[in-house]
Each structure stands twice: as structure tokens, then as C-alpha cells.
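S.K.: Residue numbers (the numbering used here), protein chains in the order written: chain A, 1 to 219; chain B, 220 to 702; chain C, 703 to 1372; chain D, 1373 to 1687.
Derived from the structure by calculation, the hints contain no laboratory data. Possibly wrong hints are sitting among the right ones.
Said to hold, decoys possible - Some but not every residue of chain C turned toward chain A, in silico, with C-beta under 8 Å: (1) A893; (2) N894; (3) G896; (4) G1345; (5) R1349; (6) L1356; (7) V1366; (8) L1367; (9) L1369.
What the hints assert, rightly or not - Computed list of chain A residues with no C-beta within reach of chain C, every gap over 12 Å: (10) L94; (11) F141; (12) L142; (13) G156.
As the list claims (entries may be wrong) - Only pairs whose alpha carbons sit at most 25 Å apart, straight line, appear in this in silico SDA-like list of lysine to any residue: (14) A/K215 to B/T369; (15) B/K421 to A/F121; (16) D/K1423 to C/W1271; (17) C/K1318 to D/L1438; (18) D/K1658 to C/P777; (19) C/K1077 to D/L1438; (20) A/K215 to C/L1357; (21) A/K215 to B/R517; (22) A/K215 to B/A256; (23) A/K215 to C/W1271; (24) A/K149 to B/R517; (25) B/K315 to A/F205; (26) A/K149 to C/L1361; (27) D/K1423 to C/P777; (28) A/K215 to B/K699; (29) B/K699 to C/F1368; (30) A/K149 to B/P448; (31) C/K1077 to D/K1423; (32) B/K421 to A/M177; (33) D/K1427 to C/P777; (34) C/K1077 to C/A718; (35) D/K1658 to C/L1357; (36) B/K315 to A/Q200; (37) D/K1427 to C/I1354; (38) A/K215 to C/V1344; (39) D/K1658 to C/R1294; (40) B/K421 to A/Q204.
By construction, the Cβ of each residue, glycine as well, lies at the ideal position given by its N, Cα and C atoms.
As a plain string of letters, each chain reads:
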Amino acid sequence: MNPIHVQLVNLFAAAMLLLAFAMLSQRRILALIHLYALQGLALTASTVTVAWATGQHHLYGSAALTFALKVVVLPWILHRLIRRLSVKWDVETLINIPTMMLVGIVLVVFAFNLALPISDFSRSIARGTLGIALACVLLSFLMMITRSKAVPQVIGFLSMENGLFFAATSATYGMPMVVELGIALDVLVGMVILGVFLFQIREQFDSLDIHHLEKLRED
Amino acid sequence: MDALLLVLAVPLAGGFGLWVLGERDSAPEINAAFSFATFAAAAWLTEDVISTGPVTGFDEQFFVDPLNVFLVALTAFVGLTTSLFSRPYMRTERDKGRMTPARLRLYHSMYQLFMFTMLLALTTNNMGILWVAMEAATLTTVLLVSVYRTPASLEAAWKYFILCGVGIAQALFGTILLYFAAERVLGRQGDALLWTHLDVVKHQLEPAIMSLAFVFLLVGYGTKVGLVPLHNWLPDAHAEGPTPISAVLSGLLLNVALYCVIRCKVLAEGALDSRFAGDMMMGFGLLSTVAAAFFLSRQRDIKRMFAYSSIEHMGLMTFAFGMGGPIANFAGLLHMTVHSLVKSAIFFAVGHAAQKAGTQLMEEIRGLLRVSPRVGWGLMIGTLAILGMPPFGVFASEFLILTTAMREHAWATPLLLLALGVAFAAIFSRVQPMVFGETTLRRLPYQPALTPVFVHLGLALMLGLYIPPYLAAWYQQAAKLLG
Amino acid sequence: MSATLAALDGALAVAAAWFAIGIAGLAAPRSVRFVAWFLFPLSAILGVVLAGVALAGLPGGAQSAILPIGLPGLPFHVRLDALSAFFLVLLGLAGSGVSIFAAGYFRAGEGTAPGVLCLQYHVFLGAMAMVLLADDAYAFMVCWELMALASFFLVTTNHRIREIQRAGFLYLLIAHVGAIGILLCFGLLQANTGDYTFANMRAQHLAPLGASAAFLLALFGFGAKAGIVPLHVWLPEAHPAAPSPVSALMSGVMLKTAIYGMARITFDLLGTPTWWWGVVALAVGLATALFGVVFAAAQVDMKRLLAYSSIENMGLVVVAFGLAIVFRAYAMLPLAALALMAMLYHCLNHAVFKSLLFLATGSVLHATHERSLGKLGGLLRYMPWVAWTALIGVIAAAALPPSNGFVSEWLLLQGFLFTGGLPNPYLRMLVPIFAAGVVLVSALAGYVMVKFFGVIFLGRPREEKLAEANDAGFLERLGLAWLASGCVLLGIFPVAVLELIDPVASELLGRGLAQGGRIGDWLVLAPVSAERASYSPLAMLVVALAVVGLAFVLVRRFYHGRVRRAAPWDCGYPLQTARMQDTAEGFGQPIRQIFEPLFRMKRELPTAFDAAPRYKVTIEDPMWHGIFEPIAAATEALSRIVGFLQRGRIAIYLLYSFLTLVAVLFLAQA
Amino acid sequence: MSLEGVLAQLAAAVAALVLGPLLLGWVNQWRAWLQNRTAPPLTQPLRTLHKLFWKESVMAHGASTLYRLAPYVVFGCMLLASMIVPTLSTNLPLAPAADAIALVGLFALARLFISLAAMDVGTAFGSLGARREMLVGFLAEPAFLMVLFTASLITNSTSLATIVSSLSHRSLAILPSLAFAGVAFTMVSLAENARIPVDNPATHLELTMIHEALVLEYSGRHLALLEWAAALKLFAYSCAGLAIFFPWGIAQANDRTALLFSLPVLVAKLALGGIALAVIETILAKMRIFRVPEFLASAFLLGVLALLVHLLLGA
């Protein structure tokens, strides 16, 4: 196969990781959404590359799906949400950014260590990127932990989904179509439900600060 | 085959049907009718499997073997009884104004869809679909948890959604890795995720990948099982949702999640020649059992308390399946059955009690025996049963688990016994004054539906004293299947 | 053999019939007449039948069967051998008496509906029978816990009273903890064979360490049921809480099932015991006995007093048990048999007289609605039946000749007197101390019983309302008389009884008490040899009666029988009220003084300037504060620590699952 | 049982009935002499009994059947006890019927009845006396039993006849264990028979009396029976003591000549014992009731010590 493709895939992978870090450190909520959209774009791009390189046609389908869902629909929904909920404030994080970066780096190292031994088994051209996918997942996990508002948490959740998809395409050439459809459906429904939720929360607490959601506890 | 189709189609149709019909006075009955149809279909399916052995269908996307057929039957059965219970319960809620017609409509349709997702998860052969179904099960219930729109219920639902969502995401990563491992053996065609195929080739799967995959699957599905320290969503969701939902969450969803875990464990055990998977499950199980026992003794909300008790019992089952071997697996399956029977029965009784008291705070519920003896006895007997008092089935399974543990992991036995003792003291010291003593409660407009309670307890009692041979044979096959 | 087969079937049939009666009670939950005049007498008859059947089965060898219920791998095994037969006899005799009394006792409107009560009561009986018959761990545990459960519901019959709820909870909790101990014990006994039938456990030979652990676990588990210090705390709470027939059944029979369990495991399943087990049992037993009797002397509630006296008696039984172990360990079989006989005989006696006394308190309770000794008195005039039968029970409980209580004490002391032959010098030193302790205990028991009987039945009524007290009804009298006659007969014909129960010893020890089939001749009890010791209650009784009668006749003959009634003299003190009699507290005073360290006392002494001086003393059980409260506190603290896992912050929760993931991944790597 | 056995038994009974009161009189005489008083005649107790029998018995209104029964029971027990203890001969038909333990049991039975009877009338002093009597009893009984155990460990038997015969056969040597036991026995018998220093038989001072408080309400024949029983008790105790510590002179089985001599020997031994008792009662002062437990506890411990000494030294 063509080394160009490998390089391209690795490039997109790097872009995804970079975006993940950017999201981790991003304070502004609108910017977060844009970053998320970009990550989706990178994901689509890498998927397309893989499809193109390997002629796995069903990957085009999943790429289209990804594009539709993660670059168009979800960001749009999020936009509408925050406009309707009029939340444009800065997102303060629970621990300060540099520390988070450091932790993030440690995570990346850890993820690479985990992925290294098994990625050799992959026949995929994108085998090197499994570690990056795992890193993305862990980073978005970290982001969910450290954000104290509802919307950023949701975004973190979604970018975790991105990481998973990236893993699916990089490690294996995508999951079976029926599974991918199911997953996409779930994500979509989940997004809708989340929207409903955010409204409910909003009307209850007239704020989306999840500090309000700490009543149920053992005392 | 047709039975399988029915089992899946009926609740799906029910879900949409009830949504389309909208809220009407007969909706609870329709709901019950659909549940009954599902149960009938499940019975038919069971009958098929007993007579003709395992069934697969829709080019192997679905299959039913002794392991999941009894879970299907159990799920359909508890679903039916719960729908029966929820008739008077929900009517009372409506009269209290806690349920608007819109919410009732949501409740009924989602109830059916929830049943569908669980049955789908149980019957599917495709690990990917399994994941999809589990995620869908979360999505269908999350709105039911928050259906009262109280701050507490919203918070509970939010946590439920986020924590389980994240958990499930990890499970997806695990599934991807599983597929990654599988396609090297089975090739790229779609059946690389079919459990039956994987089961055949499990010994060739790459250990390094499988161990990683199993970790993600365990942590992922384990979140839904409610293993400590992944359990935090569980007490909130159980306590704040409507009681029928607590009953099915505790009695069924946790089972299904555990079912996913053990399916994965079978593959992992096959691929790894170490006891890694089993030990992991034992560790989580033990931790959950002990921690939950100590959580129990601080509870004031009754549904919350029994939610923790569910964590404890799930831990016990996980421990049992972790040990593996015919007896332990048998015990685990038996425990699954009796736990979901008894626990849902308890939630039924608790629901009525809480409605009478108008609160879920235990110190405000007193003297149930005075105001309605049957609820009181139901709660008392159910509690004693769940605490492992003979002659109920819970004791039988706990006896088997403990004795096996004594044999193979003697060190764990004292911990388990400690946990059981603490749990006993904690739960019983709270339930007894609720049942006994003078009362402050009042009567309810609708006659509580207690038949389900006593049917469940009766079955649990029977399982403690006498396990019908075909059921025993069934458990044994399933146990063998789990290795 | 056929006799035994019949016996086993019969016993099972009776147990089944009891369960059936219980169910039948639900048919008419509210009708007292149906339950009282039909079901309870029926179960009394069944009790007699059971006793007869088991007695027939005693001499024959063991006979076992398998029931079609239970776990797939482990169906219920049942087995009737001499040991279980003996305890079945005990159950039948005491049970029938209690049941017939209960028929007259239970009234409507007292707590649980009669039908439900009937169910619980008969499940209790049936479960006890099954415990004695069970021959595998699962069946045993099921019946054991079922027994505890049924009795718990009976204890909480009158559950509107807070104390009774607390008592019930305490009872069930400790029973459960004990059950856990027993389960662990079985786990050790099956020695990793995974086969939980007793037959297999018999076949196993455990390593000394394992065997000792198993023994200690059994002592703990069954001790919790038998009320061994410090696990006795539930007993003085639960017995007073329960309706009197239930207290009678619990104290009279249920405690014995614990002894049965100890004997079964130690002599039957474990094989040859080690000598220091015996020492442990002796020490624990003596401590229990002393503790029980001292606290009994200090009680002011008649049922609590009896409860503590039960603790004392169980202590004595355990002492005998320990002695038997010591002798068995040194293969001194005749003496082991002697001690074992003492143990069994005392179980039988205690079953009879303690049930009798509890029933008597029941009648008093019904007649006066009063449990506090300070408000009773002089009932001998108003309820002669109860009083005189109770007197028999009191004499037995005080272990005085010619009652049955004396026989077992006599046997026990005989056992102690022949320890000179023990090879172990320390034991030779130790055992006489125990003997002294036992003697002290039984003497104190006399003190307690005088207090019990004197304060309740003698003197002048301390309250006016007592004058309206009526004697027990017909059925109650029947029950009382049945048990009282039991006390007398067991006391007068020890030889016959011992020869009947001798097979137990020959089964457990391989050698009975009887040499050449006889234990002394028909009249004189001489367990070892006529020169060493002999006792003939019948002869004593006859002579004593002759002397008394003769004295009576002669006095009348030579002098006169004139009697003049007058006000009591009392050293000529002019003003005498019933309140000037010695109170229960007063009776307890010397004991409190002598054994002060044992008590946890709160005294309120009036000052010299008190307008209305009142002296108040409350005594509490030190074990409670010393052992149980710390445990509770520890649990509380632990749960508080665990509670920190659930602090409500979703971020923290996510962190948990994140860390878990990372940790498990690390493990997976390693 | 042989004819002479029966005869010996009857003789023992008669001897007890007569000698008991006489012993009491004898002790009183000596006490009087030792205290420089003119003594009552030896037969004074018998006369008192006779007088009491003639008097009608006055009974409190509340008194029940138990109250009337008790004196006979107590009397019966005491007579039986003094028939069991080998006084003249060891060849007693009743010997196998009751051994040392049964003897103690008999005393306890009598104590139970007398205490209950005292409580029956429901007077302050009656119940007070009952409590004190039981207090003394539950401490004295074990001590007495310990003494008997020492003897029976030495002789490997608890049957009194065997004890006596085997003790009388051994050569005259002071056994340390028996010495301890002797002291313990003395203390116990002082307490049990309501003698100084535990109780003063001559007092009616309300707050100190024990025995007198028990029989306070009795009069006439019932009182007579009780007093006689008390005398029998003293006799039985003395004989038991003598039989254990000075067993010589008691006739063995089918030894007719010895049977003839045994009575004078017994009388002599009793006379000496009575004097000793009188001396003790004269030189000791009565102790406060609260001190009694300590006194008896030490007696109990001495008994246990005797037991241990025997096991330790084998003697």
C-alpha cells in the first residue's frame, strides 16, 4: 500500500489528539463546540482515507454517517441548545489547565504503552493510531471529570464517542454496518434525550451548573 | 423461531402502540396485556428450547441457549407481574398529581420499549447489537427515572445517564477490541462478532488483545451491574424513579448487564489461559458485597436501602461467576433468579407502603401490619427472604456460594459472612419497626395489587425447598456452558 | 430395625402433621375456639405420639432416609439415631404439655391473630423436630433458621411494645450470627470434599487444628442459641417478651436443640475430641452458670428471673458436656458415659421444670396482668393449682431430692468425684474447682427459687387487685399437671429413665453406663458401683413420708390438733402492712453485695432530708456494654468511612470509574 | 437387708430422737457453767418439747397449708438425715438409699421448706429470716459438700457407710486434708445450727436473729416439731463430723459386739463434742450479719483447699 496514505492517516490521527488536548484546555463553550466539530471532521477525513486506501467501500458509508452526525447534526443541536439556553459563559474547570495538560500527557504515554503491544497484530494501515484513539478516549474522559457544567460534560462525552469511532476505523476497518447504524442511532437518541434533559435541568435550577446536582449523597 | 420473533416484536409493538394510543384510562390494562403476550411468547420460546434445544435465527443474529432462555422467561415474567403491580400504583400516583397524562403515556410506552431492549440484549448473538441494546436500555429508562421532574429525580437521572453512558462507551471500546481480536481469526465478514462463532474459536483469540478487551467490557458493563466503585448511579436512580421502574431496574436490568459480563468472561477465559478474568470478577464482587453491606447501615430512604442491597447481591453473583465451576455457576444463576423475584416483590410492597405513608423515609413508615397486614407481611417476609433466611431460595444459593468459596477461596468466606451479617443487622433493624408497632398510615383509594408479591415469594420459597428437575437440569446446562 | 424404621417415619409424620396443623390454623385465622379447642389439643396429642415413637426408636440402631426436597445435589437427608431420638422424646414430652396449656392460654385480641399464631407455633415445633432429624448441613441449616424465624415471630407476637420489638431483633440477630458460625463449622467438617452430608463428615478425619477450629465454631454457633455467656444477652430480653407458652417452649426445648447440636458435632461428627476442648467447655459453662444464677437472684421481673435461671441451667449442661469431653478424650469411657448421662438427664429435667415454671408465670400473668415481683404475692391462696404445681417445679429447679433436678446434679457431681484417675495433673487440680463452682451454683439456685416462689405465691398480696386473681382454667391445669408429674416421675425412677436413654451413650461413646444391662438395681441408682455411690429417691421418699405421717398421727394421737387463728405476732409490732414484707430487691440485696463486681449497678440513695425518700437500684448486664456496644460502634464507624464513597459529586464518580479503569488496565498489563 | 440391720436402723432413729435434745441440753449446761450461771437440767429441752406439744398452736390469719405442712416436712427430713448418718453402725438398710450428696440435699430441702413457711405469713421478720437463712444456706451448703468430697476422695466413695468404714480402718494419722476439712466443717456446722458466732440461739433481738426469725410465728406443736428438728440437725451434724473425723467405735457390718459398744462410745464422743461446742460459743462473740458471708466464704475456700491438698499430697 501507499505510504502516503499511512502518513495521511497518522496526520489526521495527530490532529485528533491535538484537538482533544485543545478541548481539554478550552475555556469557551462555543469554541468547544467548534473544536468538537473539527474533531468530527478529522475523524471523517481519516475514515475516508482508510476507505480510499483499502477500498473498503462500506467505510465510505460510515464516513458519511460520521460527517452527517458529528460535523453537522450534533454541533447544530448544541448550537441551538446553548442559544436557547443562552449559555455562553466561560467554562471554569475544576483543576487548573497546566495540571490538566500534565495529566493528559501522562495519559497519552500510558495509552501508547497499552496500545503498542497489540497494535502490531493489526493488519490495518492505521495500526499505529490505535494508541491515539485510546488516548483520545482517556482525554475526553478526563475532560468530563474536570468540567463543572453540564454542556461541556456532554461535549466530552461526545468526543469520547469520536475516539471510539476512530479506534474502530484504525484498528479494524470499521465495525459491521448493522452495528455502526445501531451505535449511530443510540448516539443520536442520546443527544436528543440530553437536550430534553438540559431543558429540564435548566427549568429546575435555572442554571446548568452541575454543582446543583450534588444533593443525593450519604451523609 | 416464530416464538423468538414474537418475543421481540410484541414489546416493540407495545411500545409504539402505547405511544400512539396516548394516555387513556385503560392504558395500564393494555400495558399489562402486552406484557402478558410477551410472557406467553417467552413461555412458548422456552418450551421450544426445552423440546428442541438451542435455537438460532435471522442468519444467526439471534440465538437462544439454556443460559439466556431462562433469563428471557424470567424477564418476561417479572415484566408481567410488574405491569400488574403498576396498575394501581400508577393510578394512585396520578390521583396524587405526581403523574400527568403525558408522563403516563411516556411511562407506558417506555416500559414496553425497555422490556424490548432487555429481551433484545438477551437474545442477540451479536456482541455489537448487545452493546446497542444495553445503551438503548439506558436511554429508555433514563427518562423514566426523571419522570417526576423533581430536582432529586433530575439529578438521579443525570448521573444515571452520564455514568452509564461513559461506562457503556468503555464497553464499546471493549467490543471494538473484541472485534479486532476476532477478525484476525474469523475474517472481516459480519459474523466476526457473533458470540456463537467467537465461542468456537475463543482459544485462538489473541490473549493480549482479549485481556485489554475484557477489562473495558468488565468496567463498562460492570458500571451497569453496579459494581463498587462504579455503582454510584444505582442508589440514586432506584430511589428517585417510580417504584415499578426501580423493581425492573433492580430485578432485571442488573441481571441483563451481568449476563453481558459473563458472556464476555466466557470468551476471555477461553482466550487467556490465566484466571485473570475470574479473579477480576471475584475482586469486584467481593468489594461490592462488603462495601454495600456497610453502606446499608446508613440509609434512611427505603428504596435507596434496597438499592444498596441489590448492589450487595449483584456483588455476590459476580463473585460466584468469578469463581466459576459447575456449582458456583449454578448458584449464581439460582441467585439471579431468586434475587430478581424477591427484590422486585420487595419493591412492590415498598411501593405500596411508601404510597400509604406518602414518604420514602423509613422512620415515618410505621406499623404496616396494622393498616394493611398483607403489605406488612409481604415486606417482612420479602426482607427476611432477601436477607438469606431459609427456607427461601436466596439461602439456597448463598449456601452454595459460601460453601464453594470455603472450598476454593477460604480467605473470602469470612468477608462474605461478615458482609451478610452486617447487611442483616442493617436492613432488618430498619424494616422491623416499619412493619411492627403502632401505625400512622392511611388507606389507599385503589386496592393494592399484592398477588405479584406473594407469587414471587411463593416461587422463591419453592426454589429454596424444591427445585423442579427440568429447572435444575436447565441451570446445570447453563452452568456447564459457562465453564 | 423395623422398629426404628417405623420410628423415623413416625417422627417425620408427626413433624409433617405439625406443619399441617399450622396451615390449618390459617383456615380460620380469627376463630379462637377452633384453634384452642381443636388444633392445640391435637398437637399436644401429636407430641405424646412423637415421644412414644421416638422412645420406641431409641434402642434400635440408626435409620436414615432421603426426602424428595432440597437442593438438586443435596436433597434433605434425615436420620434417626439414639441421640436424636432422645431429644425428640424431650421435644414430645415438653411440647405436649406446653401445647395443651397453650390451648387454654391464647386469647383473642392479644397481638397476632390466633390462626397466624397457631401457624407460627406449629412451624416452630415442626422445625425443631426436623432439626433433630436432619442429617445433612443444608437440611440442618434450613430447619435451624426456620426454627429461629418461627420463634422470632412468636416472640414478637405483641409487637406494639417497643421493648418487644427490640428483643425480637436482638434475638434474631444473634441467632443469625450463631447460624453463620455453624455454617462455617460445617464448612470445616466437610474437609473440602464438597459433600455436606453428615455421613461424609463422620467419615472425614480432620487435622487437629481444623478439628479444634470446628469445635470452637460449634461452641460459638450453638452457644449463641444456648445462651452461653457472652452471647446470652438476647435470652433475658426474648423470654419475657414472648407469650408464656412460647417462653416455655423456647427455654424448655429450643435451648436443648443447641445442646443437641454440640453433642452431635463433638461426639458424632468430629470423632475423638481433644482434652482441652473439655476444659474450654467447662470454663465457659461454669462462667455461664454462675453468671446466670447470680443475675437471676437480682431480677425483679419474674420471667427475666426464669430466663436467667435458664442461662444458669444451660451453663450446667455445658459443664457436664465439657466433663464428658475430658473423659472421652482420655478414653475413660464409663465416666464419660456418666457425664453424658448427667448432661442428657439435666436437659430432660430442665425441659420439664422450666417449661412448668414458665407456664405458671403465664397463668399468674393472665390472672394478675403483672410481671413485676414487687407487685405480686400471696397468690397461693387465690391460685392453689398453679402454686402447688409451681412448688414442685421450684423444688426441681433448686435441685433438691427427691425431685428430678437433684438426680442430674447428683450424677454430675459423681462425675466430678472420679477425676482422680485423670492422667493430666493440671486437670486433676482444675476439676475440683469446677466441682466447687457447680455446687455453689446449685446452692444459689435454691436461693433464687425461694425468692421466686416466696415472693409470688407466699406472704400477703402486695396489691389489692391480686385478691381478684383466679386460678388457671382446665386446659392450663392439665398442662401444668402433666409437666409437674414429669418432674416427680423423673425424680423418683432415675434408674428406669437412665436405662431407657443409655443407648445414647453407647452410640456416641461406644460404651453405655449400664454394666450388664443394669444401672444399679431397680430401686437403687448406682451408676458406677454400689460401694462408690448409690441413691434411691424412692426409698428416701417412702421413709420420709412414713416419718412425716407417723409424726403427724402420733402428735394427734398423744396430744391434740387444736389451732387458734390470730393476727401474726411479728415481735409485737403494731402496724403491719403488706408493704413491710421483704421485696424482690431486698431478696437480691445480699447477692448484689457479695457479687458486686459482676454487676453494673446504678443506685439512687435518698438523702436524709428527703420528703418522700425512695431507694432505687437498677442493675445492668456488663456484657452488653463491654462487648456488644463496642462492636456496634465499630460497624457504625466503618460505615461512615464507606459512606464517603457516595459524596454526590458526579465528577468524583467519574473519577472513580476512570481510576478503576486505569488500575484494572495496569493489572491487565502485569 | 437383714433383721439386725432394721434393728440398728430403728435404734439409730430412736437414739437420734432422744440424744438430739439431750445434746442440746448438755451444751446449754456447759455454756451455763462456763459462764458461771446455774445450769438448767440436762433434760430441759425434752421438757420444753413436751410443754410445747400440749400448748395449742396459734396461727396467723393468712397462714396457708404450706405453713402447717412445713414443720412435719422439716422434722421428717432431719430425722431421715440423722438415720442416714452412721451413728451406731454402718450396716444400715437406708445407707444405699442416700449418700453424702443426698444428705446435703435433705438439709437443703428442709431449709427450703422452713424458709417458704417463714415467708408464708407475710411478716417483715419472717421474710427477713428466710432471706438470711437462704443466704447462710447457699454459702454453707457448698462448704459442707466440699468437706464431704474430701472424705469421699480419700475413700473413693460418696456413700457415708463406706466412707466411715474405710476411714475407721486406716491407722491413726493426721491427714492434712482432713485437718483443713475439719476446720471448714466446724465453721459450717456452727453456721448451719445457728450457733454463735453466726447466730445466737438464745436471742430474740429482731435485727440479729436468723433461726428465731424463721420460727417467729410458730407456736405449740408446730414449734415443738421445729425445735426438735433443730436438735436433730445438730445431732446429725455432730454425728457426721464424728463419723468422718473420729470414725472409731462405729460398728461395722454384722459385728454384734461392736454394736453393743457403739452406743456408749457415741455418747462419749458427743459429750466431748458438746463441751467443745460450748467452749467455742463461750469464747467467741457473735459477728454482724454482714460479716457472715465472709465467714462462710472462708469456710468454703478451706473446703476447696482441703480438696486440693488431698489431690496435691495424695493424702
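S.K.: Would you mind marking each hint as holding or not holding in the structure?
M.R.: Structure-based check of each hint:
Look at C/A893: its Cβ only gets to about 42 Å from chain A, farther than 8 Å, so that hint breaks. Restraint check, C/N894 versus chain A: the minimum CB separation of about 39 Å is more than 8 Å; hint violated. Checking C/G896 against chain A by beta carbon gives a least distance of about 40 Å; that is not within 8 Å, so the hint is violated. Among the interface hints, the one on C/G1345 holds; its C-beta lies about 4 Å from the nearest C-beta in chain A, closer than the 8 Å criterion.
Hint status for C/R1349 relative to chain A: holds, with the closest Cβ pair at about 5 Å, below 8 Å. Against a cut-off of 8 Å between C-beta atoms, the interface hint on C/L1356 holds, since the closest Cβ of chain A lies about 5 Å away. Because the closest C-beta pair between C/V1366 and chain A is about 11 Å apart, greater than 8 Å, the hint is violated. Given hint, C/L1367 at the interface with chain A, holds; its Cβ is 6 Å from that chain's nearest Cβ, closer than 8 Å.
Checking C/L1369 against chain A: minimum C-beta separation of about 12 Å lies over 8 Å; hint violated. With a minimum CB-CB distance of about 6 Å to chain C, A/L94 fails to clear the 12 Å threshold, and the non-interface call is violated. The claim that A/F141 lies off the interface is violated: its Cβ sits roughly 5 Å from the closest Cβ of chain C, which falls inside the 12 Å cut-off. Separation of A/L142 from chain C is inadequate, the least Cβ-Cβ distance of about 7 Å not exceeding the 12 Å criterion.
Its closest Cβ contact with chain C, about 9 Å, brings A/G156 to no more than 12 Å, contrary to its assignment away from the interface. Taking the CA atoms of A/K215 and B/T369, the gap is near 12 Å; set against the 25 Å cutoff, the hint holds. Proximity of B/K421 to A/F121 is assessed by CA-CA distance (about 16 Å); at most 25 Å being required, the pair is judged to hold. For the proposed pair D/K1423 and C/W1271, the alpha carbon gap of about 20 Å is at most 25 Å, so the pair holds.
A distance of roughly 32 Å separates the Cα atoms of C/K1318 and D/L1438; the hinted pair therefore is violated under the 25 Å criterion. For the proposed pair D/K1658 and C/P777, the alpha carbon gap of about 72 Å is over 25 Å, so the pair is violated. A C-alpha spacing of about 22 Å is found between C/K1077 and D/L1438, which places the hinted pair at or below 25 Å, so the restraint holds. In summary, the hint linking A/K215 to C/L1357 is supported, as the alpha carbons are separated by about 18 Å, within the 25 Å threshold.
Note on A/K215 and B/R517: the hinted pairing holds, with a Cα-Cα distance of about 16 Å set against a maximum of 25 Å. At roughly 41 Å between alpha-carbon atoms, A/K215 and B/A256 are farther apart than 25 Å, so this suggested pair is violated. The hinted pair formed by A/K215 and C/W1271 fails the criterion: a straight-line CA distance of about 77 Å is larger than 25 Å. The suggested pairing of A/K149 with B/R517 is violated, with an alpha-carbon distance near 30 Å, which exceeds 25 Å.
Under the criterion of a C-alpha separation no larger than 25 Å, the hint pairing B/K315 with A/F205 is consistent with the structure, at around 24 Å. About 21 Å separates the Cα atoms of A/K149 and C/L1361, which keeps this hinted pair within 25 Å; it holds. Taking the CA atoms of D/K1423 and C/P777, the gap is near 79 Å; set against the 25 Å cutoff, the hint is violated. Straight-line distance between C-alpha atoms of A/K215 and B/K699 comes to about 46 Å, which puts the hinted pair past the 25 Å bound.
At roughly 31 Å between alpha-carbon atoms, B/K699 and C/F1368 are farther apart than 25 Å, so this suggested pair is violated. For the hint pairing A/K149 with B/P448, the CA-to-CA distance comes to about 23 Å; that is within 25 Å, so the pair holds. Between C/K1077 and D/K1423 the CA atoms are separated by roughly 41 Å; this puts the pair beyond 25 Å, and the hint is violated. The straight-line distance between the Cα atoms of B/K421 and A/M177 is roughly 23 Å, inside the 25 Å bound, and the hint therefore holds.
A C-alpha spacing of about 78 Å is found between D/K1427 and C/P777, which places the hinted pair above 25 Å, so the restraint is violated. This hinted pair does not check out: C/K1077 and C/A718 have alpha carbons roughly 43 Å apart, beyond 25 Å. Restraint check for D/K1658 and C/L1357: not satisfied, since their Cα atoms lie roughly 83 Å apart, outside the 25 Å limit. Restraint check for B/K315 and A/Q200: the C-alpha separation of about 21 Å stays at or below 25 Å, so the hint holds.
For a cut-off of 25 Å, the pair hint linking D/K1427 to C/I1354 is broken: about 97 Å separates their Cα positions. Between the alpha carbons of A/K215 and C/V1344 the distance comes to roughly 18 Å, so the proposed pair stays at or under 25 Å and holds. Proposed proximity of D/K1658 and C/R1294 is supported: the alpha carbons are some 24 Å apart, at most 25 Å. Between B/K421 and A/Q204, the direct Cα distance comes to roughly 50 Å. Violation of the 25 Å bound is thereby established for this hinted pair.
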